[in-house]
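If you read the protein sequences in the order shown, they are chains A and B.
First residue of the first sequence: 1, per UniProt numbering; consecutive thereafter.
First residue of the second sequence: 1, per UniProt numbering; consecutive thereafter.
The set of hints was computed from the structure by calculation and includes no laboratory data.
Any given hint could turn out to be false.
To be verified - Examples of chain A residues toward chain B, derived with CB under 10 angstroms: (1) 9; (2) 43; (3) 54; (4) 61; (5) 62; (6) 66; (7) 69; (8) 122; (9) 155.
Stated by the list, open to error - Sample of chain A residues facing chain B (criterion: CB under 10 angstroms; computed from the structure): (10) 46; (11) 72; (12) 164.
Claimed, not checked - Lysine-lysine pairs mimicking DSSO-like chemistry, simulated, CA-CA at most 30 angstroms apart: (13) B:45 to B:35; (14) A:20 to B:47; (15) B:255 to B:209; (16) A:20 to A:77; (17) B:255 to B:195; (18) A:20 to B:45.
C-beta: ideal position from N, C-alpha, C; glycine also.
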Amino acid sequence: MRPTAETNEFRRELVSLLPKLRRFAMTLTRNSNDADDLVQEACERAITRSHLWNGEGRLESWVYAMTRNLWVDEIRKRKVRTGSGTVDVGEQDNLHVEASADKAVYAKQLHKLIMTMPEGLSSVFLLVNVEGHSYREAADILGIPIGTVMSRLSAARIRLAAMIAEQTERRA
Amino acid sequence: MESTQGLPLEVRLSAYLDGQLPEAEMDEIDGILAKDDEARTVFEKLKRGSEFGARAFDRLLQEPVPLELVRGIRQAGQADDDDTPAGIAAIPAAAGAPRRRVTGYWPRTVAASLALFAAGGALGYLVGERHDASAPLNLAAARTWLDDIVDYHRIYSRQTRHLVEVPASEGAHIAEWLSQSTGVAFTLPDLSGQKLTFEGARLLVAGGKPTAQLIYRDAEGEIFAICFLQSDMAGGETGLTETMRNDLGLVSWQKGNAAYVVVGPSADPDLQRLAETVFSTI
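Isolated chain B, as found in the complex (with noise of 0.2 angstroms):
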C-alpha cells in the first residue's frame, strides 16, 4: 500500500473507498470521517461518482462489437490467399466482403463519425458503422429463428454425455427422421476433409418450427452445428450472410424451400469457408 500523506484529502478518501491505505491511515481516515462535515460530504460524492460512472461503463460494455473486428482477429497474420477461397464467386455476401486493412493508422471517416456521433451519441455511432460495414449485421432486429439456435447451441454444445439426441452411428435413420420432420430434404455432410467428426443430431424448435441440428466436433473438442428448417421465402437463394454473438460465429444462407445457418465458435477462422463446403453439399 502506497502511503497517501501529504496527499489531497479527497485522493486519500478516494484510495479510502478502494481499501488501498495502510492500515494505519485507514483508522486516520476513520477519525477524519467521524468527525468532519465537509470530509464526509465529498466521500459521498466519491461514492456517488463511483457509483455513477460504475453503471455507465456497463452500458459501454452492451454495444455491438462490429463483425470486422472479429474477422480482423481472424485473419491476422494469414497470408492473403489464404483469405478468399476457391468457388467464392458464387457466394455473395459475407464471403466476398472487402477485408478492412489497417496500413498505418486511420485518417479516414474520422471527422464524419465525430459529427455523427456528437449528433446522436450512440445511433451516431451505429450509423457510421452500418456506413462502414461490409458484411448485414443485424443489431436490433426482433427475435428470429436465429435467436433460438443460438440458445440451443450454447446448452447443447456443452453436454458431454448427451450432446445429441439420436447419434451418428445412426446416419441413415437421421436423413429420414430429420427429413421428414423439417420437410426439408437433404444429404449429411461430411466435414471429415474440415477435421470436423459428425457426432448426430436433434430436433429442435426454432422460430416455431420444426429444425434439425446437425452436430460435429473438432480436435480441440469444439462443437459446430448445422441446422435447417422449412423457410416461407420458397425458391428463393441468398448468399451467406455472417453475424456474430458475442462468442457465436453464424454464416446463414436461404437455399430452396429452407433457411440453413453453421454455427461455431466465433474466433474459428474458418467457419466462414466450413459454411461454403455445407452450402455446397447439404
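For reference, chain A alone in the conformation it holds in the complex (with noise of 0.2 angstroms):
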C-alpha cells in the first residue's frame, strides 16, 4: 500500500506527536522499553484507523485514549499469563525510591520519581496539569469518572510535594 498524501500528512503529525506520547505511555508503564512499544503499538493502530479521525479536537487525545485501551488490554494478558500485573493506585500505598538516587543528578532524580508515581496518579496528573486538558477530557481518554480524575489528582500533587520534602531532607 502506498501512502496517500492524506496518510503522510497523518504520519507527521504523528511524528511531532511522539514526545508527548512517549511521555503518556510512560506514565502507564513506567519504564521506557514497554512505553516505546506501546507507542509504536497505537501509531500503527492510529495510522490503520486515521479514515475514522474526524480532525475535531487535539489528534492527541484520540491516540492517547487508544493507547490507554492497548494498555489495560496488555495489563489483562499479562495477568492471565502470570497471575500479576500493575497494582491499582489504591492498594499501592507507598512509592519505591530507589536508595541509590541520592547519587543521581538532579534531572534523573525527577524522571525517576515521576517514574515510580503509580500509574493512575501520574497520567491525570501529565494529562490535567501539565498539558492543559479539562477534567472531562482526562476522564474520557483514562476511563474514568470526573470524581476520580479529582481525587487522583489531588493525590498526585501531594505525593510531588511530599517529594519535594524528601528531597530537601536528604539534602540537609
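Got two chains here, each in a separate frame; can you build the complex from them with the hints?
Next comes the structure, spelled out in C-alpha cells:
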C-alpha cells in the first residue's frame, strides 16, 4: 500500500506528537521499553484507523485513548499469563524510590520520581496539570469518572509535594 | 463544573487550584482559605506539588525519541516488499536495518531494561536504547555540520519568495558555482521520478566550510534539501546513516572527498529511498 497525501500528513502529525505520546505512555507503563512498544503499537493502530479520525479536537487525545486501551488489554493479558499485573493505585500505599537516588543528578532524580508514581496518579497529573486537558477530557481518555480524576489529581499533587520534602531532607 | 460538596478538602482545594469549581464553591473555598491555617497549608502543598511535577514532566519531553518509532510510523500499513528497496545491499547502515515489528506484545527485554533503568535512570534508558536500536543515532554528540544544516533548513524551508539564492532556471551556473565554491564536483540530481521539483540552490557555511544546498519541493509543498561539503575524510565511503531532529529527518553519508546529507520531513516514508537515489546519482 503506498501512502496517500492524507496518510502522509497524518503520519507527520504522529511523528511530531511522539515526544508527548512517549511521555503519556511512560505514565502508564513506567518503563521506557514498554512505553516505546506501546507507542509503536498505538501509532500503527492509529494509522490503520486514520480514516476514523474526524479532525475535531486534539489528535493526541484520540491517540492517548487508544494507547490507554491497548495498555489495559496488555495488563489483562499479563495477569492471565503470570497471575500478576500492575498494582492498582488504591492498593499501593508507598512510593518506591531507589536508595541510590541520592547519588543521581537532579534531572535523573526528577525522571525517576515521576516514573515511580503510581500509574493512575501520574497519567491524570500529566493530562490535567501539565497538558491542560479538562477534567472531562482526562476522564474520557482514561476511561474513569470525573470524581476519580479529581481525587487522583489531588493525590498526585500531595505526593509530588512530599517528594520535594524528601529531597530537601536528604540534602540537609 | 462538577460540584465537589462532600469531597475531602484537599480534593476541593485541588479543583480550586485548577479553577474547576462552580462559582459558589469558589467563594466558599475563598472563605475557608481566608480563615483556616490548615487549609492554607494544604493548598500551598498542592501548589508546590503542581509546580514541581510540571517541571519534572517537562523534562521527559526532552528525551530523544528512538528512531525506530519514527520508522514504525513511516512503514505502518505498507507491504513488506515495500520496505526493502532495490539496490539496498550496496548501501549498508540504516538502509538495511531490520525493522522491529511488534507482534502481539513485548515480553522481550523488559527485565533487563528495568534493571538498567533502576540502576541509572535516564542513562540506563539510553544504554538500553543503544542495545536495541539498529541504526546509529547521535544522542549527545558535539555540534556538527549537520546541526548547522538543520538550523538552515528550518529557516529556509519556511521562506516563500526567497526560498533559494539562485533559481533552478540557472542549473548550469549552479553546478559550476557550487562545485567551485565547495571543491566538490557533482551532477544536479534529477528527482522528478520521486515527484520532487528542483527549486534552486544556496551556498551555506556548515561546520565552518562552504556547503552546497540544493532545494527541492514536493507536490504537497514540503521542502527537501541535498547538502554537501568537502570532507576531511578523503577517499572514504560510508553507508547511509539516518538520524532525526524532531520534525526533520536526515540521511547522511560520506563518499569520495565529500560528506552529503538529504534533509526532509522526518515522517516522510520515502526519505530513505530518496537518499539512495541521490547517493547513486549525484
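Structure-based check of all given hints:
1. Here the hint on residue 9 of chain A is kept, as its CB sits about 8 angstroms from the closest CB of chain B, short of 10 angstroms.
2. The beta carbon of residue 43 of chain A is positioned within 10 angstroms of a beta carbon in chain B (closest approach about 5 angstroms), and the interface hint is therefore held.
3. Interface restraint check: residue 54 of chain A against chain B, minimum CB-CB distance 19 angstroms, threshold 10 angstroms, status violated.
4. Annotation: interface hint on residue 61 of chain A violated; nearest CB of chain B at approximately 17 angstroms, more than 10 angstroms.
5. Violation of the interface hint for residue 62 of chain A is found here, the shortest Cβ-Cβ separation to chain B being roughly 15 angstroms, above the 10 angstroms cut-off.
6. Annotation: interface hint on residue 66 of chain A violated; nearest CB of chain B at approximately 13 angstroms, more than 10 angstroms.
7. A least Cβ separation of about 13 angstroms between residue 69 of chain A and chain B goes past the 10 angstroms threshold, and the interface hint is therefore violated.
8. Given the 10 angstroms rule on beta carbons, the hint for residue 122 of chain A holds: about 8 angstroms separates it from the nearest Cβ of chain B.
9. A least Cβ separation of about 8 angstroms between residue 155 of chain A and chain B falls short of the 10 angstroms threshold, and the interface hint therefore holds.
10. With 10 angstroms as the threshold, the beta carbon of residue 46 of chain A comes within range of chain B, its nearest partner Cβ sitting at about 9 angstroms, so the hint holds.
11. A hinted interface residue such as residue 72 of chain A counts as satisfied when its beta carbon comes closer than 10 angstroms to some beta carbon of chain B; here the least separation is about 12 angstroms, so the hint is violated.
12. A cut of 10 angstroms between beta carbons decides the hint on residue 164 of chain A: the least distance to chain B is about 5 angstroms, and the hint holds.
13. For the proposed pair residue 45 of chain B and residue 35 of chain B, the alpha carbon gap of about 17 angstroms is at most 30 angstroms, so the pair holds.
14. With a CA separation close to 23 angstroms, the supplied pair residue 20 of chain A and residue 47 of chain B stays within the 30 angstroms bound.
15. Restraint check for residue 255 of chain B and residue 209 of chain B: satisfied, since their Cα atoms lie roughly 17 angstroms apart, inside the 30 angstroms limit.
16. The suggested pairing of residue 20 of chain A with residue 77 of chain A holds, with an alpha-carbon distance near 26 angstroms, which does not exceed 30 angstroms.
17. Distance restraint check for residue 255 of chain B and residue 195 of chain B: the Cα-Cα separation of roughly 25 angstroms lies within the 30 angstroms cut-off, and the hinted pair is therefore satisfied.
18. A distance of roughly 27 angstroms separates the Cα atoms of residue 20 of chain A and residue 45 of chain B; the hinted pair therefore holds under the 30 angstroms criterion.
Violated hints, in rising order: 3, 4, 5, 6, 7 and 11; the structure is consistent with all others.
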